[in-house]
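Colleague: Spelled out from the first residue to the last, the chains are:
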Amino acid sequence: MSDTQLADLLPRMDESLQVLANTPALSKSLKIRRVLDTARRILMHPGGCEALEQRAQQMDASGVFLDTDWGTPEILVASLTRHAFQTRDPDVLVLEAMSELRLLAVARGDYAHASISSVQAHHFLTQVLALNLELMFQGVNEAQRTAQGRAAVIPDHLLRHLAERIGYEHIIDSLIEEIWRVLKQRPIQVNMVRQMVTQIAICQVNPDIEFRSSGQGADRLVSALFGPTEASREDPGVDIYLERLERMDQGTLQSEATGMSRAMHDTGLVSAYHVVLLRHLCAHDDVAHLVHDALGLSSTGRECLLCYRPLVMELIDQAIHAETAQALYGLTLMLERGILYQSPVAPALWRQLSLTLNPVAQDRLKLAYGDAQPPRVRLLEGVLCMLGLPLGVGQGNNPTCQSARALSMWAYNDPDYMLQMVVWAARDDEIVMHFEGQAISSRDSQAGLASGLVLDLDPVSLLVVPHLDRIYAEMGRRCVGRDEDPHRWINPEFHGWWTGRGFRIAVDIATGQLQKLDEFLRYFYASYHPYFNDNQPVIHPQPAGIAVTDTAGRFIGWHAITIQRVVLDPDQVMRVYFYNPNNDSGQDWGHGVVVSTAGSGERFGEASLPFEQFASRLYIFHYDPLEPGNPEAVEQSLLDGIAADVQQSWAAARIPEI
Amino acid sequence: MKNDTSKGYVALLGWSLAAVEAAEGFDRRYVVVAPDWAQDYCDKHNIPYIPWNFERLNDRSMEIAQLLQEKGVDVAIPLFEETVEWAGAINAVLMDNPRLFGQSILFRDKSLMKRRAQLGGIRVGIFEEAHEKDDVVRFLKRVNQTLLKLDGDPNDPIHLKAFDKAGCLGHRVVRTPDDVYAIPDEEFPILMESHLDGWEFAVEAWIHDGKIRFLNISEYVTLGYSVFVPATPDLEKYRPQIVQQVEKLIKTFDIQFGFVHPEYFVTSDNEMYFGEVAYRPPGFKVFELLERVYGFNAYQALIVSFDPKTTEEEITAFFPKEIVDAKCHAGCFGVYPRRRVVSRMELPEETEDHPYFESHELTQPMEETVTKRTAFGTHWGLIYFTGDDPYKMRDLLKKQEELDFYV
Chain A
11 MSDTQLADLL
21 PRMDESLQVL
31 ANTPALSKSL
41 KIRRVLDTAR
51 RILMHPGGCE
61 ALEQRAQQMD
71 ASGVFLDTDW
81 GTPEILVASL
91 TRHAFQTRDP
101 DVLVLEAMSE
111 LRLLAVARGD
121 YAHASISSVQ
131 AHHFLTQVLA
141 LNLELMFQGV
151 NEAQRTAQGR
161 AAVIPDHLLR
171 HLAERIGYEH
181 IIDSLIEEIW
191 RVLKQRPIQV
201 NMVRQMVTQI
211 AICQVNPDIE
221 FRSSGQGADR
231 LVSALFGPTE
241 ASREDPGVDI
251 YLERLERMDQ
261 GTLQSEATGM
271 SRAMHDTGLV
281 SAYHVVLLRH
291 LCAHDDVAHL
301 VHDALGLSST
311 GRECLLCYRP
321 LVMELIDQAI
331 HAETAQALYG
341 LTLMLERGIL
351 YQSPVAPALW
361 RQLSLTLNPV
371 AQDRLKLAYG
381 DAQPPRVRLL
391 EGVLCMLGLP
401 LGVGQGNNPT
411 CQSARALSMW
421 AYNDPDYMLQ
431 MVVWAARDDE
441 IVMHFEGQAI
451 SSRDSQAGLA
461 SGLVLDLDPV
471 SLLVVPHLDR
481 IYAEMGRRCV
491 GRDEDPHRWI
501 NPEFHGWWTG
511 RGFRIAVDIA
521 TGQLQKLDEF
531 LRYFYASYHP
541 YFNDNQPVIH
551 PQPAGIAVTD
561 TAGRFIGWHA
571 ITIQRVVLDP
581 DQVMRVYFYN
591 PNNDSGQDWG
601 HGVVVSTAGS
611 GERFGEASLP
621 FEQFASRLYI
631 FHYDPLEPGN
641 PEAVEQSLLD
651 GIAADVQQSW
661 AAARIPEI
Chain B
41 MKNDTSKGYV
51 ALLGWSLAAV
61 EAAEGFDRRY
71 VVVAPDWAQD
81 YCDKHNIPYI
91 PWNFERLNDR
101 SMEIAQLLQE
111 KGVDVAIPLF
121 EETVEWAGAI
131 NAVLMDNPRL
141 FGQSILFRDK
151 SLMKRRAQLG
161 GIRVGIFEEA
171 HEKDDVVRFL
181 KRVNQTLLKL
191 DGDPNDPIHL
201 KAFDKAGCLG
211 HRVVRTPDDV
221 YAIPDEEFPI
231 LMESHLDGWE
241 FAVEAWIHDG
251 KIRFLNISEY
261 VTLGYSVFVP
271 ATPDLEKYRP
281 QIVQQVEKLI
291 KTFDIQFGFV
301 HPEYFVTSDN
311 EMYFGEVAYR
321 PPGFKVFELL
331 ERVYGFNAYQ
341 ALIVSFDPKT
351 TEEEITAFFP
361 KEIVDAKCHA
371 GCFGVYPRRR
381 VVSRMELPEE
391 TEDHPYFESH
401 ELTQPMEETV
411 TKRTAFGTHW
421 GLIYFTGDDP
431 YKMRDLLKKQ
441 EELDFYV
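Heads up: the protein sequence lines correspond to chains A and B, in order.
For the first sequence, the working numbering gives the first residue as 11, with consecutive numbering after it.
For the second sequence, the working numbering gives the first residue as 41, with consecutive numbering after it.
Some hints here could point you the wrong way.
Claimed, not checked - In silico lysine-lysine, BS3-like type, Cα no more than 27 Å apart, as pairs:
| id | chain 1 | residue 1 | chain 2 | residue 2 |
| --- | --- | --- | --- | --- |
| 1 | B | Lys325 | A | Lys38 |
| 2 | A | Lys38 | B | Lys84 |
| 3 | B | Lys367 | A | Lys38 |
Stated by the list, open to error - Facing chain B, from chain A, some residues (calculated, C-beta under 7 Å):
| id | residue |
| --- | --- |
| 4 | Leu40 |
| 5 | Arg43 |
| 6 | Gln260 |
To be verified - Output of the computed footprint for chain B on chain A, the stretches with three or more beta carbons under 8 Å from beta carbons of chain B:
| id | stretch |
| --- | --- |
| 7 | 29-36 |
| 8 | 44-53 |
I should point out that these hints are in silico values taken from the structure, not numbers from a laboratory.
By construction, the Cβ of each residue, glycine as well, lies at the ideal position given by its N, Cα and C atoms.
Chain B with its partners taken away, still in its complex shape:
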């Protein structure tokens, strides 16, 4: 599409083909900042590109910020968890606003994030940082003591998460001290949280000028396995409360523009608990699902929301109306092999023949033995479904958990 120079010039941090596709088909100038292995692809397809290896922030961080500034870039957009603090650092320079860097650190450190939320009056569970295994055992005991459990009662689990990893990576559930001793030392320090009994869901919110421009609620059928959008009416009925929560989040974290992807629990007494928030596109291809449902490109939405030159008229016209404009429900299911030894991928008949089935990304297994899952790991691929009935969708996704895709 023709570039409109009256609009902003954006830098995409990290390599995402879907994001590049969106930028290519949009009206703004863009540049991809990604590791050097992306060079050939960018050369081949004429994609504006600056090679950069995102490791830890270091002395050279200023270099990329200045380079982008010289090119006239207005804003950097993080596409992955690992590039969130880079975007903060770069935007601090581009927008001459040092607080943006501090803000990005809050998004990257789950422990700081929870404290900040707590300070802002957002309800969170009990949490602590652990530096060694003994800390975890102590926390597990204290939490269950608080819950007035007697010796011999089954423990309520606690959750362990890496400070700075995306989504479920490094997430462990611990119920007994034995579980604790199975954790490798190199995973410390680690964040510990009490278990919240409730309904967990995620939100995707595009923000511009400190205001929510589009808010989607993603319903998890089972965390780490499946998600679909829009949610069932059962969850959508909380929308007013959820909007309030996200507005609180925006205020607490002082977010003026961009995109947030928070997770919440709603407990049986209709109370909202904040889980965590990310300042980058969600996993599980929720952007793709939203495009199927609403027809707008969620990555272009990202560009519009980050771009400081976006006008009020443009952004208002850009987004559809939540729920009413949805054409269907779209969901996906992450496949984990259920057997210890597998020889091939085979879609179950009932999955493939279901009218909601759309496509899959499963590949044939490279090895026959399946590594034991220690944490919420990476799935082997996604299956996509679309259909009209959210309850059918939910049950269909749930049903997939009982099926073997690798036999």
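Chain A on its own, in the form it takes in the complex:
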């Protein structure tokens, strides 16, 4: 195909975008074909990607993405691009390509998008490239060509163009950096990370792909999954590895066990070989004492294992398989937390082991996780991971931050209550909670915040969140007509008795304007800052509300988080450590407020900010009215600085007229 043809197509593209832009939303479907067909032809030409990238704004403005997932780029899931690049449906492919080229323009700062920042766009595209490394380096494969015909060159053209514009050296390095950054937060769901590491591994062994000088840090990731120890170094396959184990003496087995646990604790990822080793150790009495080495337990975890050995053995036997390898990490951290010593937890786990799931729960788990392992095993994995990594709970791409926060809080603070919730949801398909003395059943309640079936959740959230979401929404409905923010009443009833009954909010509900900001901040200091609350640590995790801002400090939306701790960090800066149900807490909220997830004294899953920066994005908190602290001791100058930052960022349009 010659370039003259591309030149012929571009005016047609511009005209079709113009026509679509002029068409009302009700009939865009009539005019969209010309856009898609012209774009497809352009994308098949060399140079086509660039031409569309230049039209990023026009594409968006035309409404071509309207009423599709691409219409809200902030919720796009990078892993789905793999599907889009292999689809038989050329329209999906073309829309995906158009959307990514638009995001490229956003990432490069050529186009300011209303709902996604250039950093977010850059992140997303890096992930897309990471997840499709193989495709990018190897080009079109036969399966793709069969499915897509001539359009199969489009993903290839697109990925190359993205890589060139973002920079090849960026991809591997920033991919690896990205993976480490995510892993340091120890999320429960690591499927996407596992996919990305797998892609790196595939490229590493391909002699046609040159890794250049980049790729530092890749080895630990790849080896953690595919060859963590001496005997599994060359990824021999689980059968051969098992044979090797059977011929090993105790010393070698011990070194395998410590090697495995080191890899796991380094990365948070569990290799299938690790599962094989653990099951081998459990099955042979003469080496069973090596189990704690394989889990890499400290003295706390080891004590716990010894005290509850039959339970732990049963959990390993039922829950830990190659497909549910992460359960091994969940179990380990659960033992380390010592929560089995809370008297209801061990019996509750025995109940969990023999629980029969109702068909709704079974179907849901099968739909999300396939049937390589039965649903009850998936759920066990989920339970172990949640108890081990209570701050690793993520809300997926759903507006259910409240429910995710509640689950995390229970797993952290009240684990047997969480186990009870799981039983109600999995066995009865109904959860009943009480609000101001009245029972609310998830079965009777209408729809919650999440629309439709959500599947991008860990197994426990998958079953429990839909119930919580409906109950939460129903509590909201029961507060309609009260002239104050409903969280005042909902949060304590929904999350638990430990939620402070004192409540402060920085905005006036009726007008949405700031109200009594000084007082709000003063009481926050007095309740939470150790210098002003008689040095009292946060005892129970407390729900709080954040006004999330983008990298430019502009308001994006309200968000639910949990305040976990307020302490001095290693640099002697007072920090708030908090849990963010968002899947990735590392966010830049603008004006220098960059949420840290590692390196400032954070525990797994915690995010943190210096106290005053945190206060500048806070809009709701709870406190105990009986423990008022010393509000009068807070210097006005301290508050003035924060108030100024509030007024320049999320509340810029919320300043009441005087």
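Start from chain A and add chain B according to the hints.
Modeller: The following block gives chain B in isolation, referenced to the frame of chain A:
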């Protein structure tokens, strides 16, 4: 657009998104009268809507007419063949003119239509009604006898059409008595016509105050496969004769306003034969093609032509000048799978790479086996082309017939 209450209030009969779009962007009040499945869409987009299921005319027909009258609607516009007699019945009430209903029946019954045309002195082929298969065999024999065919000579075909279906639906070509016995009984009664050897084409004419306001000639490359507008100069040279024919049609059918879509044959001796006429927008997206070519919205043109309150100045200003104002030629091709077993849709390279190619509406096949085509059925989707040269367009459309879009 802001509604101008000095202009008419129109009801669109049947659901057509393109028509709704046009009405929404136009200056008149409108209401969509469509089956209840359109409710959600109308609610979502705030489209004025009255649910109505157009089956056969029945006792309740008066109800919708009165409902529209109470709302102050001035005229009902049929968008589909099935709503033509409803529009006639409703307009008879709205305009207090019972003859409009009778007129609409002429448009709906192909047999009555041909008789009326014949009475008006319009040339038609030989036709008869068939009630059973024997009638068809007899007609086939008589026609070929008339043509002085000897035993053993190949028969000239005859055409069978349902009385009241749009376009090519239910159209069959019969050459031998064996073909006749393949026709299912439920298709009777049926209209039979002799085959006219000639060049078939279609006309779209917008009428107001009994006068033609815009007349387009659509050239068929192959009937049932492809059409483009404006036609080649070879066909356009008949325009004066065609205008005369359409004027005759207007007089014979006593049409004061609206839109007609007749089909004609021109034979090798330059004689025009009338095929049939429809009182609703044509199939094959000719309206969309006209918009590509002339830039005016053909559905808005429909509203202007039907609206009794339209002024002479407005309608004169509304339409462009035929041929001279055309920016390009636009055509479309209806795809039928050519193989018996198909696994996927794939645009042929030469189609997709052609500079005239614009877009397509083909979807991936749901089933692998293609149902055998018994009549001129429904195509699987359209391919659109635009370009400057009508002859290139014609050849390009013709060429598509030899290509596989489903493999």
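Colleague: Determine for every hint whether it applies to the structure shown.
Modeller: Quick rundown of the hints versus the structure:
1. B:Lys325 <-> A:Lys38: holds, 16 Å
2. A:Lys38 <-> B:Lys84: Given pair A:Lys38, B:Lys84 holds - Cα atoms ~14 Å apart, limit 27 Å.
3. B:Lys367 <-> A:Lys38: Holds, at about 23 Å.
4. Leu40: holds, 6 Å
5. Arg43: holds, 4 Å
6. Gln260: It is violated, given that the least Cβ distance between A:Gln260 and chain B is near 59 Å, above 7 Å.
7. 29-36: Contact hint for the stretch 29-36 of chain A vs chain B: holds, 4 residues under 8 Å.
8. 44-53: With 5 residues close enough to chain B, the hint holds.
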